[in-house]
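**Student:** Each chain, letter by letter, is given below.
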Amino acid sequence: MAASTSPTSQTHPASLPPSVFTLPQTAQLEALYTIIRDKTTSRGDFLFYSDRIIRLLVEESLNHLPVVPKTVETPTGVTYEGVGFEGKICGVSILRAGEAMEAGLREVCRSVRIGKILIQRDEETALPKLFYSKLPEDIASRYVLLLDPMLATGGSAMKAVEILKEQGVPEERIIFINLIAAPEGLRRFCGKFPSLRVITGWIDKGLNEKSYIIPGLGDFGERRYCE
Amino acid sequence: MLGEDFHELLDDESQRNFSESLQSKKNTILKSHGRPPWYGEDGLPICDAFVIGIAGGSASGKTHVARQIVRSLGSVPTVVILSQDSFYKRLTPEEVALAHANRIDLDDPEAIDMPMFTACLTDLKGCRQSNIPVYSFAEHQRLDEVKYLYGAAIIITEGIHALHYPELRSLYDLKVFVQCDSDLMLARRIQRDVKERGRSVDGVIEQYLRYVKPAFDNFVLPTARYADIVVPGSNNSVAIDLITTHIRRQMTERATHFRRNMASKSIECCLSDGNPVSSNLILLPQTPQLKGIYTVLRDGKSNRQDFIFFVDRLATFLIEKAMEHLPYRPKTITTPINVDCTGKELDVKNVCGISIIRSGGPLTKGLERVLSDVAIGSLLVQSDARTGEPLLLHVMLPKCVRERHLAVDTWVFLLDGQIGTAAAAFMAIRTLLDHGVQQDHIIFVTFLVARNGGVTVLQRAFPKVKIVTGAVDEGLREAWLDHYNEQGEGQSEGDGRKVWIVEPGMGQIGDRYYL
Numbered sequence: 001m002a003a004s005t006s007p008t009s010q011t012h013p014a015s016l017p018p019s020v021f022t023l024p025q026t027a028q029l030e031a032l033y034t035i036i037r038d039k040t041t042s043r044g045d046f047l048f049y050s051d052r053i054i055r056l057l058v059e060e061s062l063n064h065l066p067v068v069p070k071t072v073e074t075p076t077g078v079t080y081e082g083v084g085f086e087g088k089i090c091g092v093s094i095l096r097a098g099e100a101m102e103a104g105l106r107e108v109c110r111s112v113r114i115g116k117i118l119i120q121r122d123e124e125t126a127l128p129k130l131f132y133s134k135l136p137e138d139i140a141s142r143y144v145l146l147l148d149p150m151l152a153t154g155g156s157a158m159k160a161v162e163i164l165k166e167q168g169v170p171e172e173r174i175i176f177i178n179l180i181a182a183p184e185g186l187r188r189f190c191g192k193f194p195s196l197r198v199i200t201g202w203i204d205k206g207l208n209e210k211s212y213i214i215p216g217l218g219d220f221g222e223r224r225y226c227e
Numbered sequence: 001m002l003g004e005d006f007h008e009l010l011d012d013e014s015q016r017n018f019s020e021s022l023q024s025k026k027n028t029i030l031k032s033h034g035r036p037p038w039y040g041e042d043g044l045p046i047c048d049a050f051v052i053g054i055a056g057g058s059a060s061g062k063t064h065v066a067r068q069i070v071r072s073l074g075s076v077p078t079v080v081i082l083s084q085d086s087f088y089k090r091l092t093p094e095e096v097a098l099a100h101a102n103r104i105d106l107d108d109p110e111a112i113d114m115p116m117f118t119a120c121l122t123d124l125k126g127c128r129q130s131n132i133p134v135y136s137f138a139e140h141q142r143l144d145e146v147k148y149l150y151g152a153a154i155i156i157t158e159g160i161h162a163l164h165y166p167e168l169r170s171l172y173d174l175k176v177f178v179q180c181d182s183d184l185m186l187a188r189r190i191q192r193d194v195k196e197r198g199r200s201v202d203g204v205i206e207q208y209l210r211y212v213k214p215a216f217d218n219f220v221l222p223t224a225r226y227a228d229i230v231v232p233g234s235n236n237s238v239a240i241d242l243i244t245t246h247i248r249r250q251m252t253e254r255a256t257h258f259r260r261n262m263a264s265k266s267i268e269c270c271l272s273d274g275n276p277v278s279s280n281l282i283l284l285p286q287t288p289q290l291k292g293i294y295t296v297l298r299d300g301k302s303n304r305q306d307f308i309f310f311v312d313r314l315a316t317f318l319i320e321k322a323m324e325h326l327p328y329r330p331k332t333i334t335t336p337i338n339v340d341c342t343g344k345e346l347d348v349k350n351v352c353g354i355s356i357i358r359s360g361g362p363l364t365k366g367l368e369r370v371l372s373d374v375a376i377g378s379l380l381v382q383s384d385a386r387t388g389e390p391l392l393l394h395v396m397l398p399k400c401v402r403e404r405h406l407a408v409d410t411w412v413f414l415l416d417g418q419i420g421t422a423a424a425a426f427m428a429i430r431t432l433l434d435h436g437v438q439q440d441h442i443i444f445v446t447f448l449v450a451r452n453g454g455v456t457v458l459q460r461a462f463p464k465v466k467i468v469t470g471a472v473d474e475g476l477r478e479a480w481l482d483h484y485n486e487q488g489e490g491q492s493e494g495d496g497r498k499v500w501i502v503e504p505g506m507g508q509i510g511d512r513y514y515l
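Sequence order for the protein chains is Z and X.
When we follow the working numbering, the leftmost residue of the first sequence carries the number 1, and every step to the right adds one.
When we follow the working numbering, the leftmost residue of the second sequence carries the number 1, and every step to the right adds one.
Among these hints, one or two may not hold up.
[Unchecked claim] Some chain Z residues near chain X, calculated using beta-carbon distances under 10 Å:
| hint | residue |
| --- | --- |
| 1 | ARG52 |
| 2 | LEU56 |
| 3 | PRO66 |
| 4 | GLU73 |
| 5 | THR74 |
| 6 | VAL83 |
| 7 | GLU99 |
| 8 | LEU118 |
| 9 | GLN120 |
| 10 | ILE213 |
| 11 | GLY218 |
I should point out that these hints are in silico values taken from the structure, not numbers from a laboratory.
Please read these numbers as outputs of a predicted model, since none were measured by experiment.
Just so you know, even glycine gets a beta-carbon here, dropped at the ideal spot from N, CA and C.
Bound conformation, chain Z alone (with noise of 0.2 Å):
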């Protein structure tokens, strides 16, 4: 009987920055993303399956989330020794990629209230940019899931922390979910904010000269949305 104590189900390669949890690298996750990388796979596919890993990173970063002893009576008239969760919480999804991550985790966090921020590239300073942002008004209390697919330099992740923070809410109360992320990205992106936590499902090669990642999956929000 396989019973791990640890308070995640990750595996930590020792390479990472400590802030950093990947899903465990099973054949069966591998599948997953062989599937949403393929270019020949369709638009359905895409969307079942990358709603399949999204639940799983899901599931895994609600693990980084406080829980508080809680005793209760079972059916059956005994008393167990459970925990209770802790925090309010609130997804923010940064457009457009990032939205395609709400129905993900609202299947897992029931009627979570879910902010919105949009950052493009400035045409003239080629630096991320914030559009539109559009948070709950008790952010600052709460425990915030931001969600972006890709992680490749790490420009706009890290624009979005920027505004999570300037609204009030610390660090470590942020946790970063992302499908695929470039080492590159990753590092300068923790190192930027130590202690933010990354959940991540795979860590690709690296990037291109184009920044793409490679492998990758290509554009996540024009396969999801547009193609």
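Starting from the known structure of chain Z, fit chain X onto it as the hints suggest.
**Tutor:** Frame of chain Z; chain X shown alone:
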């Protein structure tokens, strides 16, 4: 016996319907109550089905004898009457034309597909499923459809050549020959064919002389010497009584043997000392979220909405974890930015789910979230209110399990709410193995396992079956439910019922999810 001369019925529509309704009437399945366990503590079947072969001339009264036997047997789990007519060979187009012209001798033993007949009966006798061919007298051809049969305790084979082939004879536990005077058989035949099928007396006699009589003299009558008992074709109530007494005694002996074998399987004796079990019991990592979910589910005060939501969420997660135990193989693909990438893909021919009604139901929702188009079968196992014995009441299996050649390559997610005594799990796994599913292709997914319960026996009997669960509980206690509001087979209405309760457990998972 009505079938052998159906090739005379030509294209009249009403005749065709008539013949097909008769065809279906000849293969009969009778169920009186659920099927008690047919296997021992080691997981192996204890006895074969009881097989009776009934031969005799055309219109001698074989079907009548078969039905009389069933009637006087009274309460038996499942009886199948299997007609030889189902096993006519597949005909070539030329032969079909001849048959329509009434120039094919269907009374000849060669007209029967003996290897198939033997294979089907061997499977049924060995408690395995069989897919029986369907022959249409209207089309003079074996149809593409098949009739699925599984789980009969008694099989009665009837046909003029039922005792002709040694391969078949070796399968019978009891061989019966229905003896009837030739004149009487011809008289019945003329009467029946003229009255019921609008045929001329001349036509009936011509066919009788050309095919029926020679076949009877050369092939049918000589097989009477193989019979254990020769029964008169009419006024045969004494003979029927002798036969059923014999069958009943045989069945009782088997049952006694069975119960002796099962005695040590009673739950008290198999309570383990808490030593966990094999590496094939896979417990999910006990993360804070998982513990939190189980806390909601175990809490008797949780409302219905929360219970349903968290059951669904847990089911999805459990199935995702169970998916890790399927085989995968390498696969190379190209990404949209034209980079080649070696990943993996699922390496299974067939995969399906089978839910044990009722508390396996919530897990099917999780399965559908993970495998969108998966086939999901179901089994209903209830424990007999009097004996506590599990009874198999309903079997509905996906095609990839029903057909043996597919079942060997099929992976099955077997779904049930919890494993307490493991009686239902045991019966379900045995049912799958009977169908040819490989033991190491079965993954049992459940919310809860009682450590001291039947899981030990289950894993001893089926060591290769994997069990994926989110929690292992320490206790299993016998209890009495006062007003168990459930009706149906095996239940005595209004009375209380003895049950085994997992502790701390989640209560009655099915009730909390559905009611």
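**Student:** Given Z/THR74 was flagged as interface, is its beta-carbon under 10 Å from a beta-carbon of chain X?
**Tutor:** holds, 4 Å
**Student:** Against chain X, with CB atoms and a cut of 10 Å, does the hint on Z/ARG52 hold up?
**Tutor:** holds, 6 Å
**Student:** So, as I understand it, the hint says Z/ILE213 touches chain X; can you test that by seeing if any CB pair is closer than 10 Å?
**Tutor:** It holds, given that the least Cβ distance between Z/ILE213 and chain X is near 9 Å, below 10 Å.
**Student:** Let me know if the C-beta of Z/GLU73 comes in closer than 10 Å to any C-beta of chain X, holds or violated.
**Tutor:** Given a least distance of 5 Å, the restraint on Z/GLU73 holds.
**Student:** Take the shortest C-beta to C-beta distance between Z/VAL83 and chain X; is it under 10 Å?
**Tutor:** holds, 5 Å
**Student:** Is the interface hint for Z/GLU99 satisfied, with its Cβ closer than 10 Å to some Cβ of chain X?
**Tutor:** violated, 20 Å
**Student:** Return the status of the interface hint for Z/LEU56: holds when the least beta-carbon distance to chain X is below 10 Å, violated otherwise.
**Tutor:** Since chain X brings a Cβ to about 6 Å from Z/LEU56, closer than 10 Å, the hint holds.
**Student:** Going by Cβ atoms only, is Z/GLN120 closer than 10 Å to chain X?
**Tutor:** Since the shortest Cβ distance to chain X is 21 Å, the answer is violated.
**Student:** Z/LEU118 was flagged as interface toward chain X. Is the shortest Cβ-Cβ separation under 10 Å?
**Tutor:** Result: violated, 23 Å to nearest chain X Cβ.
**Student:** Can you verify the interface hint for Z/GLY218: is its Cβ closer than 10 Å to any Cβ in chain X?
**Tutor:** Cβ of Z/GLY218 sits 3 Å from chain X, so the hint holds.
**Student:** With chain X as the partner, please determine if Z/PRO66 meets the hint condition of a C-beta pair closer than 10 Å.
**Tutor:** Where the cut-off is 10 Å and the nearest Cβ of chain X is about 8 Å from Z/PRO66, the hint holds.
In summary, the numbered hints that this structure violates are 7, 8, 9.
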